[in-house]
Amino acid sequence: MELTRNITLGVYLPGETFIHRLDPRLKIMAAGLLITLLLFIKSYQPYGIFLLFITAVILAAGIPVKYILIGLKPMLPVLILMWIFQLLLYSKPGAETIISWWIFSATDAGLHMGNLITMRVLFLFTVTTILTLTTSIVSLTDGLEILLKPLQKVGIPTQELVMTMIIALRFVLILAEELDKIIKAQMARGVAFDRGNFIQKTKKLFPVFLPLFINAFRRAEELIVAMEARSYTGGKGRTKMKTLHMGRADLRAGLVTLTFSALIVYLIVTIKPLL
Amino acid sequence: MPIEVSGLCHSYKKGTPFENKVLHDLSLKIDDGEFVGIIGPTQSGKTTLAQHFNALIIPQKGRVIVNGCDTADRQADLVSLRHQVGYVFQNPDYQLFAPTVGEDIAFGPRNQKLNNHEIEKRVSEAMKQVGLDRDYFYKRDIFALSGGQKRRAAIAGVLACKPQILILDDITAGLDPQGREDILTVVRKLHHEEQITIIFISNSMDEVAGLAGKIVVLDQGQIFIEGLTREVFARADELQAIGLELPEVMDVARKLANKGYRLPTVVLNLEEALDAIASALQEGQVAD
Chain H
3 MELTRNITLG VYLPGETFIH RLDPRLKIMA AGLLITLLLF IKSYQPYGIF LLFITAVILA
63 AGIPVKYILI GLKPMLPVLI LMWIFQLLLY SKPGAETIIS WWIFSATDAG LHMGNLITMR
123 VLFLFTVTTI LTLTTSIVSL TDGLEILLKP LQKVGIPTQE LVMTMIIALR FVLILAEELD
183 KIIKAQMARG VAFDRGNFIQ KTKKLFPVFL PLFINAFRRA EELIVAMEAR SYTGGKGRTK
243 MKTLHMGRAD LRAGLVTLTF SALIVYLIVT IKPLL
Chain G
4 MPIEVSGLCH SYKKGTPFEN KVLHDLSLKI DDGEFVGIIG PTQSGKTTLA QHFNALIIPQ
64 KGRVIVNGCD TADRQADLVS LRHQVGYVFQ NPDYQLFAPT VGEDIAFGPR NQKLNNHEIE
124 KRVSEAMKQV GLDRDYFYKR DIFALSGGQK RRAAIAGVLA CKPQILILDD ITAGLDPQGR
184 EDILTVVRKL HHEEQITIIF ISNSMDEVAG LAGKIVVLDQ GQIFIEGLTR EVFARADELQ
244 AIGLELPEVM DVARKLANKG YRLPTVVLNL EEALDAIASA LQEGQVAD
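The listed protein sequences derive, respectively, from chains H and G.
So the number in the numbering used here is just where the residue sits in the first sequence, counting from 1, plus 2.
So the number in the numbering used here is just where the residue sits in the second sequence, counting from 1, plus 3.
Worth flagging that the hints you see were computed from the coordinates, not collected in a lab.
One thing to keep in mind: the hints can contain errors.
Stated by the list, open to error - Here are the computed lysine-lysine pairs in the DSBU-like style, where the Cα-Cα straight-line distance is at most 30 Å: (1) G:Lys165 to H:Lys203; (2) H:Lys75 to G:Lys24; (3) G:Lys192 to H:Lys183; (4) G:Lys16 to H:Lys186; (5) H:Lys75 to G:Lys64; (6) G:Lys262 to G:Lys32; (7) G:Lys16 to H:Lys68; (8) H:Lys186 to G:Lys24; (9) G:Lys131 to H:Lys206; (10) G:Lys32 to H:Lys206; (11) H:Lys183 to G:Lys32; (12) G:Lys131 to G:Lys142; (13) H:Lys183 to G:Lys262; (14) G:Lys165 to H:Lys183.
Quick caveat, the model's predicted, so the values are computed rather than measured.
Chain H on its own, in the form it takes in the complex (with noise of 0.2 Å):
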């Protein structure tokens, strides 16, 4: 068992390719116009063509396709979960019976919903872990801070908020390593977290978890030192080190995501969404 194995999302795969070397702004914006067109998909055309799109870009960052498939192995479950749930439960008039068990029946509409959600989350977890295997934690930060920027003209505390937003995602892996350790000292004290029944497995995680919330505020608290020691006093007046130039190679990359999007939402507005 090794947990940080199959975290993917929030994880920086260094690399020289042209991918890596695109402005941060464009990607943020392309994964973000990716995202928001995934909400639209309403048949699976579409997705052939998201497909086809993020394949290429996977390839072009050179990241294996197994460690994106290892990143996805921890929402089989939930997913196989969820998708049992819309089969079962949604329906809608006119909607035929495919298959009818004792109490349960599945309709077509039923099964077109798991499946087209079930892709949702998958192409939207992909998307945010190909941006985050791309592109170092200090771009990240910059490109989302100048990209936000014009909220603070609403007083929002961007630069306070992008600086959280990035540490909660180091957190993720600094966590997962942690409970690995935490999991295994109380293993070694013989506790068997697959036996026993519901209650007797939920009080087994007290162990695990109480350790793991004192380690992370006090994490956190040192965090906050080792800042407040760096004269750290939030965004206002804020240089940077490096500034952002986009280039010929942004704006190519700009348009090819541009293309594929205008084919994606043509495929929503003309073929009949089965939902």
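Chain H is already provided as a structure; the job is to place chain G on it using the hints.
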């Protein structure tokens, strides 16, 4: 009931771009009643190896047999194995969770489904073994303890399971000299009085030289040197070549020997050093 490791390999994050090969085809045997020190530079695989001993890590390749139980065997009772082989982590914060010291130490025995009377007995014994005064500490808040006391509570929590083999993973790191000495005294007593097999991972050569009967030196996931403590430290140059330091007393003795004093090249503890230096001075033989 020895520990037998053969052909053990392990990689972290296997199959990902971050794959990190930690152990390569490692074989090792540890007998009952031994006090084995495991040393090696950082990233040499010390902890990974030790976590195989109580099945916290299951072999990816190779075999680990502990007390006759193959840890890779799906039928093996790993929970009972982990009670036989205790593991104390470097950071007690990963282990301590109950509101009071007494309750935390009772956690292991409670998992063994012992009756309350037996649990109480185990807790009292364990607290005595690590030198925590029962009346004072039993109802103490765990987070009010000092670093050294936390370590001792953590060790007690593992001892309460009555292990026959005890793995101590760098348990003196970050302690002040007094706290360090207290812990080492506890460890020494456990080995001598309770005859517990001890596997002692440490970055301090002084500690290992002073305690261990046998030493395993790891480097890059393989055994670099293995042997009796004196034999291992006799190969000082090789140890230094992989970035390990020598015990301080030995370092001093070697420096004196370079100046022409007649001193043995291997000195493991302060007493030995004192004797050797005294007799060298008595002989009064200084070259040139």
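Hints, one by one, checked against the model:
Of the pairs offered as hints, the one joining G:Lys165 and H:Lys203 holds, with about 24 Å between alpha carbons and a cut-off of 30 Å not exceeded. Using a Cα cut-off of 30 Å, the hinted pair H:Lys75 and G:Lys24 holds, with the two alpha carbons roughly 22 Å apart. About 28 Å separates the Cα atoms of G:Lys192 and H:Lys183, which keeps this hinted pair within 30 Å; it holds. Annotation: proposed proximity of G:Lys16 to H:Lys186 holds, straight-line Cα distance about 17 Å (limit 30 Å).
The hinted pair formed by H:Lys75 and G:Lys64 meets the criterion: a straight-line CA distance of about 23 Å does not exceed 30 Å. A C-alpha spacing of about 40 Å is found between G:Lys262 and G:Lys32, which places the hinted pair above 30 Å, so the restraint is violated. For the hint pairing G:Lys16 with H:Lys68, the CA-to-CA distance comes to about 12 Å; that is within 30 Å, so the pair holds. This hinted pair checks out: H:Lys186 and G:Lys24 have alpha carbons roughly 20 Å apart, not beyond 30 Å.
With a C-alpha separation of about 28 Å, the suggested pair G:Lys131 and H:Lys206 falls inside the 30 Å cut-off, and the hint holds. For the hint pairing G:Lys32 with H:Lys206, the CA-to-CA distance comes to about 34 Å; that exceeds 30 Å, so the pair is violated. Proximity of H:Lys183 to G:Lys32 is assessed by CA-CA distance (about 26 Å); at most 30 Å being required, the pair is judged to hold. Between G:Lys131 and G:Lys142 the CA atoms are separated by roughly 15 Å; this keeps the pair inside 30 Å, and the hint holds.
Proximity of H:Lys183 to G:Lys262 is assessed by CA-CA distance (about 48 Å); at most 30 Å being required, the pair is judged violated. Between G:Lys165 and H:Lys183 the CA atoms are separated by roughly 22 Å; this keeps the pair inside 30 Å, and the hint holds.
The structure does not agree with the numbered hints 6, 10 and 13 stated previously, though it agrees with the rest.
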